[in-house]
Each structure stands twice: as structure tokens, then as C-alpha cells.
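Visitor: Sequence:
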Amino acid sequence: MTKNILKDLIAQNRKTCDFTFNEITQENSSLKLNDDTASVGFIYRHIGEIMHLLTQFFGIPTEVKNTTMGEKDTGEVYNLEESQKLVEDGYKLLDDLVESLSEKEWTETIETPFFGPISRTKLLGHVLYHNTYHCGQITLTLKRGK
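So that you can map any letter, position 113 of the sequence shown is 113 in the UniProt record's numbering, and since no number is skipped, the others follow by simple counting.
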């Protein structure tokens, strides 16, 4: 039962965020709310990178490098197709993770540098929350940015 719930949560996160992600273009990816905020392209890239980086705590190695976490947007133009691939591959990692871990493993505690000891289920919840949080920022920026 746990696996079905987790699959549903990932699927709903993807569906909800896709409404925004599908509105991102290379042209509007440089939009910002103001000079102190990150651009649409930076935030989108960040979502993809973080899905890969946080899945390392589940034991999944990644070659994705952090270019956004803890960093300031310097105005770099991010390749939309690369960011889309990061996000798509990130969701695939999450889907595969649900399939590969047992129900018991989802309740086990793992160690993370950000949250300390946390269950795998709570860490997955954080990844999905993180996606949605930043998706909301992108939505607002697409509507009000310049």
C-alpha cells in the first residue's frame, strides 16, 4: 500500500508542476520578479539539480553537479532542454526508487547533512515539497516578472 501512495504523490507532484513547467520557454526563462530574485531558468535548473542531489541520500549516485543550491543567480542563460532533462530524469529516479525499495525501507531512518536523521518517506516528502515550492515561484515570475 505504501508504494501505491508514494507513486500517487510523485505522479500528482509531476502533474501539478507540469502546468508551470510546460509554460517555460527559452525566451521567458530569463524573467525575474526583481533584481534580487532568481530567474525562471535558474529556478527550473535548481529543481532538476536538487532532485538528483537529494536522491544521493537514498544511495543513488549522480554525476549532476550543483550549480544553483546556495548560489546566486548571476544571469547565466540556462539551456531549457538540459533543465527539462534534469527534471524528467529526476522524476524517473523517484519513480524507480519507489519500485526498488521495500515498504519497510521507506520507514527506515537515513542520515542527511541537512535534516539529520530522517525517514526515507519524509525525505521524499521534502523533495516533492521543494519541487512545488519553487514551481510556485516560477508561476509567479511567469505572470509578474520582467
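Some hints could be false.
Said to hold, decoys possible - Result set (PhoX-like, lysine-lysine): computed pairs, CA atoms no more than 25 angstroms apart in a straight line: (1) Lys15 / Lys32; (2) Lys15 / Lys85; (3) Lys92 / Lys122; (4) Lys3 / Lys122; (5) Lys72 / Lys15; (6) Lys7 / Lys143; (7) Lys32 / Lys104; (8) Lys15 / Lys3; (9) Lys32 / Lys72; (10) Lys7 / Lys146; (11) Lys143 / Lys85; (12) Lys32 / Lys92; (13) Lys72 / Lys3; (14) Lys92 / Lys3; (15) Lys104 / Lys3; (16) Lys143 / Lys3; (17) Lys92 / Lys104; (18) Lys72 / Lys7; (19) Lys65 / Lys104; (20) Lys122 / Lys32; (21) Lys3 / Lys32; (22) Lys32 / Lys85; (23) Lys65 / Lys122; (24) Lys85 / Lys104; (25) Lys7 / Lys92; (26) Lys32 / Lys146; (27) Lys72 / Lys85; (28) Lys85 / Lys65.
None of these hints come from the bench; they were simulated from the model.
Visitor: Hint by hint, say whether it matches the structure.
Guide: Status of each hint after checking the structure:
no., hint, verdict
1, Lys15 / Lys32, "holds (24 angstroms)"
2, Lys15 / Lys85, "holds (16 angstroms)"
3, Lys92 / Lys122, "holds (19 angstroms)"
4, Lys3 / Lys122, "holds (14 angstroms)"
5, Lys72 / Lys15, "violated (28 angstroms)"
6, Lys7 / Lys143, "violated (31 angstroms)"
7, Lys32 / Lys104, "violated (43 angstroms)"
8, Lys15 / Lys3, "holds (18 angstroms)"
9, Lys32 / Lys72, "holds (13 angstroms)"
10, Lys7 / Lys146, "violated (37 angstroms)"
11, Lys143 / Lys85, "holds (24 angstroms)"
12, Lys32 / Lys92, "violated (29 angstroms)"
13, Lys72 / Lys3, "violated (37 angstroms)"
14, Lys92 / Lys3, "holds (15 angstroms)"
15, Lys104 / Lys3, "holds (10 angstroms)"
16, Lys143 / Lys3, "violated (36 angstroms)"
17, Lys92 / Lys104, "holds (21 angstroms)"
18, Lys72 / Lys7, "violated (33 angstroms)"
19, Lys65 / Lys104, "violated (31 angstroms)"
20, Lys122 / Lys32, "violated (31 angstroms)"
21, Lys3 / Lys32, "violated (38 angstroms)"
22, Lys32 / Lys85, "holds (22 angstroms)"
23, Lys65 / Lys122, "holds (24 angstroms)"
24, Lys85 / Lys104, "violated (31 angstroms)"
25, Lys7 / Lys92, "holds (11 angstroms)"
26, Lys32 / Lys146, "holds (6 angstroms)"
27, Lys72 / Lys85, "holds (22 angstroms)"
28, Lys85 / Lys65, "holds (14 angstroms)"
In summary, the structure is inconsistent with hints 5, 6, 7, 10, 12, 13, 16, 18, 19, 20, 21, 24 from the numbered list given earlier, while agreeing with the others.
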